[in-house]
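Peer 1: Reconstruct the complex from the two isolated chains, following the hints.
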Amino acid sequence: MAVQELINKNVDQFQALFDLYANRLNGIKDSPYFRIKQDAVRHLVRKGFPGRKNEDWKYTNLTQLLKTRFQHPARQVSGDQLSQPLPNSVRISFENGLLVKEQSDLDKFDASEVEVMTVEDALKNATVKDKVLLELENMEQVGVSAFGLLSLAFAQGLVIQVKKNTRLSNPIHITYASSGSEKNTLTSQLCLVMVESGSKAEIFQSIIGKKDQSYLQTIYNRFVIAENANLSVYKWQEEGDQGNLIYTTEINQAHGSTYTDLSLDLGGKLVRNNLYATHLGQNITTNLYGSFVLSGQKQHLDNQTFVDHAQPHCQSNELYKGIIDHYSKAVFNGKIIVRPDAQKINAFQQNAGLLLSDHASIDSKPQLEIFADDVRCSHGATIGQLDEQALYYLMTRGLERKQATKMLQSAFIQEVFAELEEDNIARYLQDKLSTYL
Amino acid sequence: MLVIKDLHVSAGELEILKGIDLVINPGEVHAIMGPNGSGKSTLAHVLAGKEDYEVTRGSIEFMGEDLLDMEIDERARAGIFQAFQYPVEIPGVSTAQFLKSVVNSIRTEKGEEELNAMEMLKLMRKKVKELGMNEALLKRSLNEGFSGGEKKKNEILQMAVLEPKLAVLDETDSGLDIDALRIVAEGVNTLRSAERSFIVVTHYQRLLDYIVPDFVHVLYQGKIAKSGDKNLALKLEDEGYDWLKDEISVSSIA
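Going line by line, the protein sequences match chains A and B.
Under numbering that gives the first Met the number 0, the residue at position 284 of the first sequence is numbered 283, and the numbers go up by one with no gaps.
Under numbering that gives the first Met the number 0, the residue at position 106 of the second sequence is numbered 105, and the numbers go up by one with no gaps.
Hints may contain errors.
Pair by pair, the computed Cβ-Cβ distance ranges are [stated by the list, open to error]:
no.	chain 1	residue 1	chain 2	residue 2	range
1	B	Gly11	A	Glu414	33 to 39 Å
2	B	Glu64	A	Asn183	56 to 62 Å
3	B	Gly147	A	Lys57	27 to 33 Å
4	A	Asn183	B	Glu111	51 to 57 Å
5	B	Glu111	A	Lys343	37 to 43 Å
6	A	Asn183	B	Arg124	58 to 64 Å
7	B	Gly11	A	Lys343	53 to 59 Å
8	A	Asn423	B	Gly147	49 to 55 Å
Just so you have them, the derived chain A footprint on chain B, three or more residues with Cβ under 8 Å [what the hints assert, rightly or not]:
no.	region
9	67–79
10	99–112
11	180–190
In case anyone wonders, no lab produced these hints; they're calculated from the structure.
Glycine is no exception: its CB is placed at the ideal position from the N, C-alpha and C atoms.
If we strip away everything but chain B, and leave its shape as in the complex, we get (with noise of 0.2 Å):
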C-alpha cells in the first residue's frame, strides 16, 4: 500500500529526515516513536503534503501511485487522512457543513452520486453515535472553542466518514485525559480491517495499551533507529529513549 524509499526531507537549510525506508501493507498498524525533534511529525506532514517541506531524495509510492506527484487535495481524495496534532479552528463553518462537502467531493472524485442533506445527516449521526460523541459538535463551527478532546474526537469523526484507506494519526494522544484517549481509541480500533492501514505517531507508549501496533518503529535523528513488535514500545515505556541513543552512537563509530 505505501512504499517509502530512501526518503529526505528538509525545511529550510535543516535537513529532518535522512533516509527512511518503510512498506505498510493493508491492514497493517505501524506505530511511529521517537523522542522530540526525531522527525515524527515530519513524516506525517510529508504524507499529508504540506507545502513546508522539501523532499529532497528519495521516494513516496502508495497503491502504486507516485505520492510526491500529487496534491494535497488529491493524496486525501486517493484515501490518505491526517489526524492532526493540533487541527486548525475554522470558526463560520460548521462541522455537519464541512462533512457534507469533503464527503462530496470524494463521492464526485469517485464518480459516486453526491449524497444529499438528509442522508448526509443520516450518515453523520450514525457515526457520531457510534463514536459515543455527542450530536450537539455537529452543529458547532469547525473545532472552534473546542477543547483538546473534542478536537480529537472530531478528527476521529471526520476519519469515520472519510473512511480513508491510510490514516495517518500525529500524536493524537497528547492533551487526552485517559477518557477522551480511550474513546478515540475505540473509534481508532472500530475503523480497523484487513484493507485499512494506520500509522500512529505518538511519544509515549500509553495510547498503543488501546491501539495495538503490528509493528514498533523508533525514529531518531531523522532515520528509523529500530524496529520490532509491540514489546519495543513497552521497553521504551521502561527504559526511555537513552539505550537507543547509546546504541546508535556505538554503531556509528563502529
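Just chain A, same shape as in the assembly (with noise of 0.2 Å):
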C-alpha cells in the first residue's frame, strides 16, 4: 500500500516534465496534437501506475523502475550509425525519440504507395488528417495503459499510412535508438500505421539502447489493418544493460485481414511487451511469434498477449519460446477471449522456455476464456533444460561442448522462425540470432 501510494506520488513528476516539454514545443501548441498530450499527461497523472495487485502485472514489480526521477535526454543526435539497416529496406531512424532526417530515406517513399510522415506532418495533411486525429483520440480515451499515456505525451510520433490496394515491394525499417552519457532518461516513441484495404507491408523495427545507463522507453504501436489488408511487423530488441522498456501494440483487424508479428528481444533490464489483437470482422488472422534470449546476469522480461476473438471465422496462432540464463526471468501470460457469437474459431497457443542456470526462471500464465461452444483452442507450456544426452550424442561425434550447446539452443528457437517459411526477414532475424548464442 505505501509502495503504492509513493508510485503515484511520483507520478506527478511527469506533469513538471511535460511543462518543460511543452516550453520546447512552439508552434505546435495551437495543434489538437498538443491539447491531445496534455490531456493524456492529466489523465496518466490522474490515473496512477498500475501496481502489483494488478493481474496483468503480477509477475512483473515496476517498484524499483517508478521511484526513478526521471529526465528527457539531450535533445541532440550523436552522428553515429544507429542500426545496421535491413537489406533492402527504407529507413526511418529516431534517436533519443527524434527523428533522424540523416539517417531516414523518407524522400524515397512514393506519396502514391504509402504516405510516412511525423504525426504534427500528418495533422497539416488534408487526407490523413481526420483518420489520424481520430485515431489519437481513441488511444487517448482508450489509454490501454499507464505507458500508452506516456507515449502520447511525449513522443514526436510516427504516422504511415499504406495506400489502398498496395503491395510495399520494400520493408519499412524502423530504429529507435538511445544514446548520450545521462542516466535516468525517459524516452517515448509512438508509432501509428494505418493498412488500407486490400494491401499489404513489412516493418522491421530496431530497438537500440545505450549501455551503463538507466532509462526507461515506451514504445506505443496502433495499427489498424484494413479489409483483406496484411501487416507483418518484425522486432529487434536489444535494449542496454540498464534500460527499461515497457513496448506496448495494439492491433485493430477489420474483416479478411492477416497480422503477424515475430520478436526477438535480447536486450534490456526490465522489458514488458504488450500486445493486443481485436477482431472486428470475420475471416481473420493474427499470428503472435515470440523468441527471446535472456543472456545476461538478471534480465526480466515479460509476454502479455492478449486475442480478442469478438468475431466468428478467426483464427490466432501464437508460439513464444525462450532461453533464460543465470537469474534472468522471462514471463509468458496469454489471454484469449472467445466472446459469446465468435463461433468457428481456431485459437493456438504454446510458449516455451530452456533454462540454463538453477536460477533462472519463467512464469507462465495461459488465460482462456471461451463463450462460445463450437471452437478449437488450445495451449501449452513447458519449460526444460538441456538435454544432457543430446550433448553428449552431438560430443560424441566431434562438437566442442560450446558448439553442441549452440546447436541445441538454435535447434530450440528454430521453431518460431520455422513458422514463416519463405519468409526474409524471419530468415534474417534467424541468422542474426545465431551469432547471440
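Peer 2: What follows is the structure, given as C-alpha cells:
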C-alpha cells in the first residue's frame, strides 16, 4: 500500500516533465496534437501506474523503476550510425525520441503507395488528418495503459499510411535508438500504422539501447488493418543492460485481414511487451510469434498477449520460445477471449522456455476464456533444460561442448522462425540471432 | 591402435568392468558378446567418454595417446566413432546441417579447409547412395520420428561421412529387421580397410554372419571370459552362455 502511494505520488513528476517539454514545443501549441498530449498527461497523473495487485502485472514489479526521477534526454544527435540497415529496406530512424532525417529515407517513399510522416505533419495533411486525429483521440480515451499515455504525451510520433491495394515492395525499417551518457532518461515513441484495404506491408523495428545507463523507453504502436490487408511486423530488441522498455502494440483488424508479429528480444533490464489484438470482422488471422535470449546476469522479460476473438470464423496462432540464463526471468501471460457469438474459432497458443541455470526462471500463465461452444482452442507451456543425452551424442561426433550447446539452443528456438517459411526477414532475424547464442 | 589394460569401471557404487585387457590392431574387427548386464555397453560408453562412468583402475591408449585424458569431443576428433544402441532424437537440427558442422569441426582440427555447402551436399549424397539410403533423410531433423532401422542407418551414414579410425558399434543390430540388418552390415563392410578397426558389440551371433569378425570376445561379469575366432560366436549361438558360466564357476573354484 505504501509503495503504491509512493509510486502514485511520483507520477506527478510527469506533469513537471511535460511542462518542460511543452516549453520546447513552440508552434504546435495550437495544434490538436498538443491538446491530446495535455490530456494524456493529465489522465496519467490521475490514473497512476498499475500496482502489483493488478493481475496483469503480478509477475513484473515496477516499484524500483517508478521510484526513478526521470529526465529528458539531451536533444542532440550523436551522428553515429544507429543500426545496421535491413537489406532492401527504406529507413526511418529515431534517436532519443527524435526523427533523424540524415538516417531516414523519407524521400524514397512513393506517396502514391505510402505516406510516412511525423504526427505533426500528418495533422497538416488534408488526406490523412481526420483519420489520424480520430485514432489519437481513441488512444487517449481508451488509453490501455499508463505507459501508452506516456508515449502519447512525450513522443514526436510517426504515421504510416499504406494506400489501398498496394503491395509495398520494400520493408520499412524503423530504428529507435537511445544514446548519450545521462542516466534516468525517459524516451517515448508512438507509431500509428494504417494499412488500407487490400494492401500488404512489412515493418522491421530495431530497438537499440545505450549501455551502462538506466533509462525508460515507452513504445506505443497502433496498427489499424483494413479489410483484406496484410501487415507483418518484426522486432529486433537490443536495449542496454540497464534499459527498461515498455512496448505496447494495439492491433485492430478488419474483415479478412492478416497480422503477423515476430519479435526477438535480447536486451534490457526490464522489458514488458503488451500485444492486444482485436477482431472487428470475420475471416481474420492473427499470428503472434516471439523469441528471446536472456543471457544477461539478471534480465526480466514479460510477454503479454491478448487476442480478443469478438467475431466468428477467425484464427489466432501464438508461439513464444526463449532461452534464459543466470538469474534472469521470463514471464508469459497469454490471454484469449472467445466471445459468445464468435463461433468456428481456431486459437492456438504455445510457449516454452529453456533454462540454462538453476537460478533462471519462467512464469507462464495461459488464460483462455471461451464463451462460444463451437471452437477449437488449445494452449500449452513447457519448461526444460538442455538435454544432457543430446549434448553427449553431439559431442561424440566431435563437436565441442560450446558448439553442441549452441546447436541445441538454436534447434530449440528455430521453431518460432520456422512458422514463417519463405519469409526473408524471419531468416534475417534467425541468422542474426545465431551470433548471439 | 587401441590398448586396454586392466580396465576397472564403476557406475556409482557398482563395479561393472572388473579388469579388461584388450589389444586392437589396425584393420581388425573385434566382436564383443555376452549376456545382458555383462558390461558390453559400458565398455562402448567408456571408450566414447560418457561421464556417468568412473574408471577406477587401468588404462586405455589410443594411437599412443592416453584416451582417458581426452574429452568426449576430442576422442571423436581423434578418430573414435560410437554408433549408439539408442541414437538420440534432436528436433530442429537437420541431418545435413548436423553433418556439415561435425565434418567441418573435424576438418578444422586436422588443419584442413572447411567444406562449403555444395561440397558437403555432394559428399553426403554420395555416401547416402553408397549406403542405399533415401536422400530425403538429410532434410529431416536428426533421428526425429525415425524408425529403429532408419536411426541405425543414420548412425552408419555418420560413420561413413566421418571416416573414423576406430568405430564402436553398440548393439547396432538390435531392433533391426533382416533387410535393415543387411544394409547396416554392408555399410560397415564397405568401410572395412587395413587402417580402420571395429568393435562390434552384440548380443546375437546373427550380425556376425554379415560382419565377419577377426576376433570374438565373451564378456561375463565384467571380465573377458573367453576369446576366440568367429567359431566362438557360432558355439554361443548353438549352446547359449550357460556352458560358459559353468566353465567360469569351475575355474574360479579351482
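Peer 1: Give a verdict on every hint.
Peer 2: Hints, verified against the model:
no. : hint                            : verdict
1   : B/Gly11 - A/Glu414: 33 to 39 Å  : 36 Å, holds
2   : B/Glu64 - A/Asn183: 56 to 62 Å  : 59 Å, holds
3   : B/Gly147 - A/Lys57: 27 to 33 Å  : 47 Å, violated
4   : A/Asn183 - B/Glu111: 51 to 57 Å : 54 Å, holds
5   : B/Glu111 - A/Lys343: 37 to 43 Å : 59 Å, violated
6   : A/Asn183 - B/Arg124: 58 to 64 Å : 60 Å, holds
7   : B/Gly11 - A/Lys343: 53 to 59 Å  : 57 Å, holds
8   : A/Asn423 - B/Gly147: 49 to 55 Å : 39 Å, violated
9   : 67–79                           : holds (count 6)
10  : 99–112                          : holds (count 5)
11  : 180–190                         : violated (count 0)
This entry does not satisfy hints 3, 5, 8 and 11, going by the numbered hints stated previously.
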